[in-house]
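Engineer: Residues per chain are reported as follows:
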Amino acid sequence: MSDGEISIEGGESSSVQENVPEGVVLNPHAQVCLQQLLRVWLGFERDLSKVPLLRRIDLGTFTVEDHQVFLRNIRQQVIEGSRWIARTASSFDRNHSEIRSTIISHAVDEHRDYQMLEKDYVASGGRLEDILNMERNVGSEALHGFLMHRSSLPNPIDLLGAMWIIEGLGEKMAHSWAERIQELTGLSEESTRFMTYHGHNDSEHMQRFYATLDRVCNNEESITSIVKTAKVVARLYRLQLEEIEYDIQ
Amino acid sequence: MTVYITSTGSFFPGPAISIDQVESILGAVHDKPSSLRVQIQKANKIQTRHYAIDENQQTTHSNTEMATNAAEQCLERAFLNREKVGMLAVASTQGDLPAPGMASMVQAELELPEIEILTTHGICSSSIMALKAAWNSLRLEEHEAALVLSSELASRLLKKQRYEAATTSTFAAKRIDFSTEFLRWMLSDGAGALLLQNKPAPKGLSLRIDWIRGFSHAHALPTCMSVGSAGRPTDSRTWQDYDTYAEAEQDGALLLRQDVRLLDNLMRMGVDGYLRLVEEGVSKPSEVDHFLCHYSSHHFRNKILEMLDTAGVGIPEERWWTNLYSRGNTGAASLFIMLDEFLRTDEVSVNVGDRVLCFVPESGRFNTTYLQLTVVEK
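Protein chains in written order, with this note's numbering: chain W, 1 to 249; chain H, 1 to 378.
Check the hints yourself; a few may be wrong.
Some chain W residues close to chain H (C-beta under 7 Å, calculated; not the full set) [what the hints assert, rightly or not]: (1) Leu-38; (2) Arg-39; (3) Leu-42; (4) Ser-49; (5) Val-51; (6) Gly-60; (7) Thr-61; (8) Glu-65; (9) Glu-221; (10) Ser-225; (11) Lys-228.
Read the hints as simulated data drawn from the structure, not as lab findings.
Ideal Cβ positions, reconstructed from N, Cα and C, are used throughout, including at glycine.
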């Protein structure tokens with residue numbers, strides 16, 4: 001994106017989850033849940049601006065090394081991501097078979113994403129063995145631990161809150177970060193495919209999300225649990241990103 | 001103590017300037033037409049605006065004069081002896097003098113004796129800061145009436161000479177420097193006035209102030225709109241840190257800048273604050289009859305607005321009203337100018353009992369402000 005071609009309509013590059021299907025009518029509890037999830041997301045997104053690595057994207061001082069260290073630190077979570085999603089699917093009983101199908105197909109979509117990420121790392125000048133040997137950072141440990149715990153509980157509908165945050169971030173990477181990182185670092189599209197990939201199928205993901213939210217969120221208790229899990233995941237995800245700074249040092 | 005807006009006024013310097021005339025007023029930098037003007041004007045959809053400078057970029061009205069003129073109109077329309085005004089609160093992004101505060105200068109012009117004054121400093125939301133302080137003063141029963149003014153004279157910052165003088169700036173160095181030119185085709189001049197009283201006007205409609213709230217996100221987000229730095233991420237100097245003001249000007253530290261990339265945050269934080277007010281039960285979307293937004297609706301016509309609809313808290317577009325397209329974006333003055341015209345326009349039916357939600361977001365460092373008014377009649 002050159003300086004002269006910036007979208008000045010503002011909304012066009014919005015990274016909030018996009019493509020709300022026409023005519024979606026959520027039940028009143030799901031509506032309230034969506035209001036609260038929006039606030040959790042907006043707060044998470046705002047607080048990400050304080051994370052030093054991401055601040056450098058905003059300020060225009062982000063480097064190739066920043067991109068590499070980001071990929072190195074995010075890989076473990078991407079690998080583990082497909083595990084907790086798969087476990088979530090298996091934790092739903094026969095009364096939730098429809099949700100189980102949705103989650104299984106989601107897990108299939110994403111379970112090899114980390115390989116794309118490894119290729120991006122090499123394309124940006126990193127050594128494959130460095131990213132393969134990278135351990136989970138402190139934040140990734142906490143996030144993984146929490147998600148595996150929740151996904152092991154019976155019928156863990158609260159993990160819809162986790163998906164909300166993690167999917168939202170995927171779209172933010174695709175719509176706000178990937179192009180900007182290329183512009184700031186001079187890296188090619190080959191180095192940001194993991195990020196841009198998550199901008200695909202937004203509409204489909206959102207439709208699935210709304211349908212699932214409408215189905216499972218039918219009372220105060222479910223609102224509370226979904227929103228609580230969204231908050232915990234948002235905080236632990238940010239911790240994971242904050243921990244990247246220690247890798248740089 | 002309940003407080004009412006009992007009179008309003010506004011002032012625009014000079015004639016309405018059309019899209020094609022804008023560059024002849026602000027001036028073509030180095031006599032070369034801007035390559036960004038049409039694109040930016042097309043995006044903001046502003047059809048006419050006013051400037052307090054002429055085609056030779058000479059000031060025709062000072063900021064103090066504009067504020068005073070809006071105040072005079074407001075007072076002339078009021079059912080109140082001007083001696084009853086106990087407080088004058090004035091908001092502007094930049095008064096005529098860096099010091100003293102603009103309220104001192106406006107008070108002198110209005111010849112209001114021995115009143116309490118307040119000057120608020122900021123950008124668009126400074127008007128709401130002034131309004132809230134005046135509202136609170138009346139609520140505390142310290143005054144019976146307060147005059148709240150907001151006035152902007154942006155064009156002095158936007159005239160061609162500013163850009164021509166910035167010889168070592170990012171503007172001079174880049175082929176296209178979007179961040180320094182963006183606001184040049186957005187902002188214009190004008191002033192608005194509100195009279196606050198502890199009782200509604202004896203005749204006609206008044207606006208009861210139900211609540212005023214603000215949420216600032218400067219703790220988390222970078223500066224988005226500013227004057228005073230050269231706009232280079234690695235240079236922390238501000239205009240007063242240069243040896244001479246001339247050097248600061250050359251370096252572009254006196255140019256008005258907008259980091260357009262960060263602007264999306266304003267809408268996001270605007271929505272967050274709104275959802276917070278809904279969550280607290282302060283604002284009830286279904287009860288909002290009119291929505292007056294300092295930002296035009298087409299800026300918000302995006303996915304996040306659709307999500308508000310899906311979440312059951314959207315405000316239907318037929319309830320939005322603005323005069324941005326005819327009056328221009330006058331920064332801090334915008335909302336007061338909008339309220340003044342809203343009460344007089346035939347475009348919308350304003351009835352007793354109607355609830356008016358107002359939203360003034362400031363991109364400077366992301367301050368989002370909200371207020372609700374109810375239309376009343378004595």
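Engineer: Each hint needs a verdict: does it hold in this structure or not?
Structural biologist: Cross-check of the supplied hints:
The interface hint given for Leu-38 of chain W is met, as the beta carbon of that residue sits about 6 Å from the closest beta carbon of chain H, less than 7 Å. Given hint, Arg-39 of chain W at the interface with chain H, holds; its Cβ is 5 Å from that chain's nearest Cβ, closer than 7 Å. Taking 7 Å as the C-beta contact cut-off toward chain H, the hint placing Leu-42 of chain W at the interface holds, the least distance being around 4 Å. With 7 Å as the threshold, the beta carbon of Ser-49 of chain W comes within range of chain H, its nearest partner Cβ sitting at about 5 Å, so the hint holds.
A least Cβ separation of about 10 Å between Val-51 of chain W and chain H goes past the 7 Å threshold, and the interface hint is therefore violated. The restraint placing Gly-60 of chain W at the interface with chain H holds, with a minimum CB-CB distance near 5 Å, inside the 7 Å limit. Interface restraint check for Thr-61 of chain W: the shortest CB-CB distance to chain H comes to about 5 Å, inside 7 Å, so the restraint holds. Because the beta carbon of Glu-65 of chain W sits about 17 Å from the nearest beta carbon in chain H, more than 7 Å, this interface hint is broken.
Because the beta carbon of Glu-221 of chain W sits about 18 Å from the nearest beta carbon in chain H, more than 7 Å, this interface hint is broken. Annotation: interface hint on Ser-225 of chain W violated; nearest CB of chain H at approximately 18 Å, more than 7 Å. The criterion of a C-beta within 7 Å of any C-beta in chain H is not met by Lys-228 of chain W, whose closest approach is roughly 15 Å, and the hint is violated.
Of the numbered hints stated above, those contradicted by the structure are hints 5, 8, 9, 10, 11, listed in ascending order.
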